[in-house]
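Asker: Going letter by letter, the sequence shown gives residues 4 to 207 in my numbering.
Simulated from the structure, these hints should not be mistaken for laboratory data.
Be aware that a few hints might be false.
[Claimed, not checked] Estimated spans, in silico, between C-beta atoms of each pair: (1) G117 with N202: 30 to 38 Å; (2) V16 with Q96: 38 to 46 Å; (3) T11 with N202: 31 to 39 Å; (4) V16 with P38: 29 to 37 Å; (5) G170 with K70: 18 to 26 Å; (6) L172 with S34: 30 to 38 Å; (7) G23 with S113: 25 to 33 Å.
[As the list claims (entries may be wrong)] Subject to a maximum C-alpha distance of 25 Å in a straight line, what follows is the list of computed SDA-like cross-link-like pairs (lysine to any residue): (8) K70 with L136; (9) K199 with L52; (10) K199 with K70; (11) K70 with I55; (12) K199 with S95; (13) K199 with M151; (14) K70 with P13; (15) K70 with D126; (16) K199 with D35; (17) K70 with V158; (18) K70 with V53; (19) K70 with D123; (20) K70 with L12; (21) K125 with I177; (22) K125 with D135; (23) K199 with V158; (24) K199 with T11; (25) K70 with G170; (26) K122 with V158.
What you are looking at is a predicted structure, and each value in this text was computed from that prediction instead of being measured.
Virtual Cβ for every residue (Gly too), placed ideally from N, Cα, C.
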Amino acid sequence: MSDPISGTLPRFVYNSLLLGSASYAAWCIDSDTYPCAFAACVVGGVSALVGILRALFGSGQAEEYRKLRDVNSGVLELVPLPLVNIDLYAESQGMGALALGHCVFVVALSFDLGCSLAKDRKDCDISEMLRDLTVMGNIISLGFLAFMERNFIYVRMALIMGVMKYGSLFVDSIHEGVGEDLQVLGTAIFLYWTAKAFNADLTD
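Taking the hints into account, I'd like the entire structure generated from these sequences.
Answerer: This is how it looks when you write it as structure tokens:
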């Protein structure tokens, strides 16, 4: 996975947007009422800070920066959506099996981190399968909740994550590494709509 074609300055801008979006969402969301959604914002903010530091100080070619990028990418893809889903389902149906079932993302995350840190993303078929299934399952789950609740904000959030996941694969097939930019931007937009989903005063 090469560095994004966009270059250092655009990458700095993209991650700054993610940091701003995550900070805005964290400010809007009540951490006591929606702890998992708030945690998703914190994860997005930390990931953005790592991306900014990479843009400022990382060459993107050294081994340590490549591993840092891979870890960051896995965390961004696997963590925010399930955490948000937990609180959305808890708000809709209570903290039951459907809400807690989204916690299985921890399994995929563990495999993904091991693949990035120990295997340099080589021979990671199981990790990639778990990653794809986890993201797909959470997108479908959010889409199902959107249908049940007749909530257009949830629809937007599911579509954003779908485009982020599969759009990144498409653009990476054209130029390897461009998907990183789409992932960061997609997460920034997702967290913006997350703020609206958990704060009725922000809805249009």
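Asker: For each hint, tell me whether it holds in the structure or not.
Answerer: Hints versus structure:
1. G117 with N202: 30 to 38 Å: 36 Å, holds
2. V16 with Q96: 38 to 46 Å: Since V16 and Q96 have Cβ atoms about 39 Å apart, the given range 38 to 46 Å holds.
3. T11 with N202: 31 to 39 Å: 34 Å, holds
4. V16 with P38: 29 to 37 Å: Since the Cβ atoms of V16 and P38 sit about 30 Å apart, the hinted range of 29 to 37 Å holds.
5. G170 with K70: 18 to 26 Å: Given range 18 to 26 Å: holds, Cβ gap about 24 Å.
6. L172 with S34: 30 to 38 Å: 33 Å, holds
7. G23 with S113: 25 to 33 Å: At 30 Å between Cβs, range holds.
8. K70 with L136: 23 Å, holds
9. K199 with L52: Within the cut-off at roughly 23 Å; holds.
10. K199 with K70: 34 Å, violated
11. K70 with I55: 16 Å, holds
12. K199 with S95: With a Cα-Cα distance of about 16 Å, the restraint between K199 and S95 holds, given a limit of 25 Å.
13. K199 with M151: Distance ~18 Å between K199 and M151 Cα, so the pair holds.
14. K70 with P13: 21 Å, holds
15. K70 with D126: At roughly 15 Å apart (the allowed maximum being 25 Å), D126 and K70 satisfy the hint.
16. K199 with D35: 17 Å, holds
17. K70 with V158: Roughly 33 Å separates the two Cα atoms, so the pair is violated.
18. K70 with V53: At roughly 12 Å apart (the allowed maximum being 25 Å), V53 and K70 satisfy the hint.
19. K70 with D123: Roughly 7 Å between the alpha carbons, so the hint for K70 and D123 holds.
20. K70 with L12: 21 Å, holds
21. K125 with I177: 21 Å, holds
22. K125 with D135: 16 Å, holds
23. K199 with V158: Given that 25 Å is the threshold and the Cα spacing comes to 13 Å, the pair holds.
24. K199 with T11: Cα-Cα ~31 Å, so violated.
25. K70 with G170: 23 Å, holds
26. K122 with V158: This hinted pair is violated, its Cα atoms lying about 36 Å apart.
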